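Dock chains B and C with the ligands against the given chain A, drawing on the hints supplied.
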Amino acid sequence: MQGNLKSSSYQQLEQKSKYTNMFLRWFLYFILIVFASYFIFPLYVMVVTSLKTMEEIRQGTLLSWPNGLNLESWAVAWGGRGYGAGDTFLRPYFWNSIKMVVPAVFFSTFIGAMTGYVLTKWRFKGDQWVFLFLLFGCFIPFQAILLPMARTLGVLGISNSVIGLVLVHTVYGIPFTTLFFRNYYISVPTELVKAARIDGAGFFKIFFKILLPISAPIIVVTVIWQFTQIWNDFLFGSTFSFGEAAPIQVALNNMVLSSTSVKEYNVDMASAIIAGIPTLIVYVLAGKYFIRGLTSGAVKG
Amino acid sequence: MKTLKIEELSKNFGSTEVLKKINLEIDEGNFLVLLGPSGCGKSTLLNIIAGLETINEGDVFIDDYNVSKVEPKDRNIAMVFQSYALYPSMNVKENMIFGLKQAKTSKEKIQEQLEKVSKFLQVDQLLERKPSQLSGGQRQRVAIGRALVREPRIFLFDEPLSNLDAKLRVEMRREIKKLHQQLKTTVVYVTHDQTEAMSLGTNIAIMNHGVIQQNDTPEKIYNKPSNTFVADFIGSPSMNLIKGILKENSGDLLFTVGGSNLEIPIRDYDFKDKLNLNNKEVFFGIRPEHIFFKKFNESDFEINLRADLSEYIGHEQIMTFDYANQEVLAKFPSTIKIDLGKETKLYFDLTQASLFDAQTEERI
Amino acid sequence: MFKWLEKNLPKIVMAPAVGLIGWFVYGFVLWTLYISFTNSKILPKYELWGFGQYEKLWASRKWLIAVDNLLIFTALFLIFCVVIGIILAIFLDQKIRAEGLLRTIYLYPMALSFIVTGTAWKWILNPTLGIQKMFRDWGFEDFTFDWLVDREMAIYTIVIAGVWQSAGFVMALFLAGLRSVEDEIVKAAKIDGASLFTVYWKILLPMMRPVFFTSFVILVHISIKSYDLIVALTQGGPGISTTMPALYMTQTAFHKSQVGLSAASAMMMFMAVAAVIIPYLYSELRRENAR
Ligand SMILES: Nc1ncnc2c1ncn2[C@@H]1O[C@H](COP(=O)(O)OP(=O)(O)O)[C@@H](O)[C@H]1O
Ligand SMILES: [Mg+2]
Numbered sequence: 001m002q003g004n005l006k007s008s009s010y011q012q013l014e015q016k017s018k019y020t021n022m023f024l025r026w027f028l029y030f031i032l033i034v035f036a037s038y039f040i041f042p043l044y045v046m047v048v049t050s051l052k053t054m055e056e057i058r059q060g061t062l063l064s065w066p067n068g069l070n071l072e073s074w075a076v077a078w079g080g081r082g083y084g085a086g087d088t089f090l091r092p093y094f095w096n097s098i099k100m101v102v103p104a105v106f107f108s109t110f111i112g113a114m115t116g117y118v119l120t121k122w123r124f125k126g127d128q129w130v131f132l133f134l135l136f137g138c139f140i141p142f143q144a145i146l147l148p149m150a151r152t153l154g155v156l157g158i159s160n161s162v163i164g165l166v167l168v169h170t171v172y173g174i175p176f177t178t179l180f181f182r183n184y185y186i187s188v189p190t191e192l193v194k195a196a197r198i199d200g201a202g203f204f205k206i207f208f209k210i211l212l213p214i215s216a217p218i219i220v221v222t223v224i225w226q227f228t229q230i231w232n233d234f235l236f237g238s239t240f241s242f243g244e245a246a247p248i249q250v251a252l253n254n255m256v257l258s259s260t261s262v263k264e265y266n267v268d269m270a271s272a273i274i275a276g277i278p279t280l281i282v283y284v285l286a287g288k289y290f291i292r293g294l295t296s297g298a299v300k301g
Numbered sequence: 001m002k003t004l005k006i007e008e009l010s011k012n013f014g015s016t017e018v019l020k021k022i023n024l025e026i027d028e029g030n031f032l033v034l035l036g037p038s039g040c041g042k043s044t045l046l047n048i049i050a051g052l053e054t055i056n057e058g059d060v061f062i063d064d065y066n067v068s069k070v071e072p073k074d075r076n077i078a079m080v081f082q083s084y085a086l087y088p089s090m091n092v093k094e095n096m097i098f099g100l101k102q103a104k105t106s107k108e109k110i111q112e113q114l115e116k117v118s119k120f121l122q123v124d125q126l127l128e129r130k131p132s133q134l135s136g137g138q139r140q141r142v143a144i145g146r147a148l149v150r151e152p153r154i155f156l157f158d159e160p161l162s163n164l165d166a167k168l169r170v171e172m173r174r175e176i177k178k179l180h181q182q183l184k185t186t187v188v189y190v191t192h193d194q195t196e197a198m199s200l201g202t203n204i205a206i207m208n209h210g211v212i213q214q215n216d217t218p219e220k221i222y223n224k225p226s227n228t229f230v231a232d233f234i235g236s237p238s239m240n241l242i243k244g245i246l247k248e249n250s251g252d253l254l255f256t257v258g259g260s261n262l263e264i265p266i267r268d269y270d271f272k273d274k275l276n277l278n279n280k281e282v283f284f285g286i287r288p289e290h291i292f293f294k295k296f297n298e299s300d301f302e303i304n305l306r307a308d309l310s311e312y313i314g315h316e317q318i319m320t321f322d323y324a325n326q327e328v329l330a331k332f333p334s335t336i337k338i339d340l341g342k343e344t345k346l347y348f349d350l351t352q353a354s355l356f357d358a359q360t361e362e363r364i
Numbered sequence: 001m002f003k004w005l006e007k008n009l010p011k012i013v014m015a016p017a018v019g020l021i022g023w024f025v026y027g028f029v030l031w032t033l034y035i036s037f038t039n040s041k042i043l044p045k046y047e048l049w050g051f052g053q054y055e056k057l058w059a060s061r062k063w064l065i066a067v068d069n070l071l072i073f074t075a076l077f078l079i080f081c082v083v084i085g086i087i088l089a090i091f092l093d094q095k096i097r098a099e100g101l102l103r104t105i106y107l108y109p110m111a112l113s114f115i116v117t118g119t120a121w122k123w124i125l126n127p128t129l130g131i132q133k134m135f136r137d138w139g140f141e142d143f144t145f146d147w148l149v150d151r152e153m154a155i156y157t158i159v160i161a162g163v164w165q166s167a168g169f170v171m172a173l174f175l176a177g178l179r180s181v182e183d184e185i186v187k188a189a190k191i192d193g194a195s196l197f198t199v200y201w202k203i204l205l206p207m208m209r210p211v212f213f214t215s216f217v218i219l220v221h222i223s224i225k226s227y228d229l230i231v232a233l234t235q236g237g238p239g240i241s242t243t244m245p246a247l248y249m250t251q252t253a254f255h256k257s258q259v260g261l262s263a264a265s266a267m268m269m270f271m272a273v274a275a276v277i278i279p280y281l282y283s284e285l286r287r288e289n290a291r
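Residue numbers (my numbering), protein chains in the order written: chain A, 1 to 301; chain B, 1 to 364; chain C, 1 to 291.
Do not rely on the hints blindly, as some may be mistaken.
Claimed, not checked - Below, computed lysine to aspartate or glutamate pairings styled on DMTMM-like, alpha-carbon distance capped at 20 Å:
{"hint": "1", "chain 1": "B", "residue 1": "K2", "chain 2": "B", "residue 2": "D27"}
{"hint": "2", "chain 1": "B", "residue 1": "K295", "chain 2": "B", "residue 2": "E316"}
{"hint": "3", "chain 1": "A", "residue 1": "K18", "chain 2": "B", "residue 2": "E71"}
{"hint": "4", "chain 1": "C", "residue 1": "K190", "chain 2": "B", "residue 2": "E151"}
{"hint": "5", "chain 1": "C", "residue 1": "K190", "chain 2": "B", "residue 2": "E159"}
{"hint": "6", "chain 1": "B", "residue 1": "K345", "chain 2": "B", "residue 2": "E302"}
By construction, these hints were calculated from the structure, which means they are not laboratory data. Just so you know, these numbers come straight off a predicted model, no measurement behind them.
If we strip away everything but chain A, and leave its shape as in the complex, we get:
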């Protein structure tokens, strides 16, 4: 690396780097697109299959394009065929899920916000231990609480009900919502709270007038996280509810597994899309917040 390089060697260097770069770029895009296809492939297959008739499915391949915009399997998945016994369809379970998700998200978010507020702005001796105590709840494998939970719901008379699931999801959401709000509020300057206290504002006033108005981003993150988790839950839903009270994931699984009649893959795929659409929409609309939740609360499976 010493002395002056000759002009000719500079020229060679220019050429070389140009070609290497071009090759690298093409290679890069190629690999990225290959992976993108791998990730898109199942979604594509789901959508086209849901638009085919069973006849088309048997004749074509996974990738083949549907003959037309055939929405019948969607209608069947959502509303059934209209005859009585054995006709399972998603509509009632979709509403079950909504009835379960809305209150559970609300309660867990609210409790998490209050707890996070206390843990950061009204600190007391040992508050770090309390936080750790709550945080550990993020990590427990739920199998370890399944048996006593089933009995508790039975004793309370809310097993196999939407209310029972609301309780379960609220409780086991608290560690995450607390984690989110605590980590957010810890970066809000405590001087703000001190100044308000000097001005005579009380505990709730400070929360509602000072912290809540600046909490919009973390509320969005928390609500999206909780919504996705609860909507997608299967373990609690399948363990604590059956039949009428089941949430949508359980119903979807039952529909797909039901071995009563001939497999209708098109209806299965339409059902799967219906069950996945709410969270997908949230992801597409608020991806940024979704990812923020993921990276900070990801420890949950």
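Quick look at chains B and C with the ligands alone, frame taken from chain A:
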């Protein structure tokens, strides 16, 4: 042959123009400081010299060869960064020889260079340490060492001292100066600190908004600023700029301010262009350190101004005077007592005065 | 009285969270632990029975298969997710044109439930109408891809679907990590003449150690708890060849009514998670305190 030459260089990020038609030349062995407020494009210019940023227009020449499209590693330069940019997972030794290894230098040569440079910079005891185990000053030395081992044609420094505390900064500044005196390698050094620039540079290029305002020796920059930006940027407190009008009066040129009978005669001023001076709106510039409380030179001009404010800063005091409703600052030893609110006799050293066109803000 | 209330208001507000978690998490885990030491069948019994359930558990062929599967799944799931995640993150880090779109594509499976994922992959992987048929229709008459119904291979279909779901997430973690590295380090490396490969291999990836650690913890955690995906994809079949601990636990509890045994299996899972999580929490807290 110029070691480094930059011609008509322009650079924009999207629609923001960051560098506008920069021209710059450096002779072998010189120490050029790029000085300017932060955000003016200094780092961008340095990165372009290094080959880390692309160019929109213009060219960069090293030893008269156009290197605009040459990879950074092949430009024969080395760079020291503000954050030191040491590789955290490597120890000091690995950090320093990383570049040589990439260039497939022989083992013996690497060892030789490492020993030489680490002794020279007094980091030979630290070779096995990780950057996280070093103090700020030590990291800085290692960063310089990493640049030195490559024996580059040009050294590039991007604000290398601004992460150090004040005391260490002065120390390291002296070391960089010594380093340059010993090695005589060409240096381009970026800073926003005028003291650093003045003490280190053989040349200073002052930048603002992507334009080079003045490229001169430190003395010229200080004494003959080419526009009001440079005049204002250099010196602390900066040069007094009094707004007024030039009047010709029976062959004599006078600086006057409307609504006041204060007048300053302009006699031996070195005008760029003597035409059309009468009734010209100008800034009269004089540095606080060129205003005295008693007559030092025969040519000093006596004037009476009212003292308004005194700021004590230890060995000196900064006095504020009223010049026809404009503030004029002067720097006096703190032992001098001056009564506030009263007219005081002051002496302006007119040989050090500057005049700027009030419209173009350029020196006249 | 009012004074006391005001002074203790913060603690009162916190009481529900602490109480609920104390009861529903800690209390329940202890209960499960206790039950695992009893001979409970369909209803819990409270006389202690020693380690009998654990002995039964580790003598059970199904449990051993489940543990075996868990090890295979965890290893492959980890390796593929991390390798794919890192490759995608590094490639996306190269000032790619459609970065936003690609990122969205790589990460969207994370928004879907494992049941939806499992349903889709079950359809794709089924031999009669899925991928196998597709290739045969394309003229590869002998093409066989029937892992889903192959005892030996079925576990790998779960890996395929699991990786599909989670690799994008690892990508997001690493991309965030790479983006947080100071620009100047990469510049310094370029001046030092490092090739792009060297920059990543020798400089940036070694700096990603915390991200590796986090990904490891999260992925292991996901895999120990994985339940939905198996239910949707194989129901533990063919036979019991894809059983995993979480599935074993629920089946033993709710289909076989072996409450004590299932509690023992739940505690084994609990300990496995704790073995990964406690060091993680410890290091995270230390990092936070160091700041
Ligand atoms: N990669 C970039 N993309 C867009 N704008 C940039 C980029 N780098 C620098 N800039 C802008 O260019 C201007 C000059 O930046 P810089 O050269 O770093 O200034 P300095 O080093 O003098 O402080 C700044 O306004 C900065 O915001
Ligand atoms: Mg800069």
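Status of each hint after checking the structure:
With a C-alpha separation of about 5 Å, the suggested pairing of K2 of chain B with D27 of chain B holds against the 20 Å cut-off. For the suggested pair K295 of chain B and E316 of chain B, the alpha carbons sit about 19 Å apart, so the restraint of at most 20 Å is met. Taking the CA atoms of K18 of chain A and E71 of chain B, the gap is about 10 Å. The hint holds against a cut of 20 Å. Under the criterion of a C-alpha separation no larger than 20 Å, the hint pairing K190 of chain C with E151 of chain B is consistent with the structure, at around 16 Å.
A C-alpha spacing of about 19 Å is found between K190 of chain C and E159 of chain B, which places the hinted pair at or below 20 Å, so the restraint holds. Between K345 of chain B and E302 of chain B the CA atoms are separated by roughly 7 Å; this keeps the pair inside 20 Å, and the hint holds.
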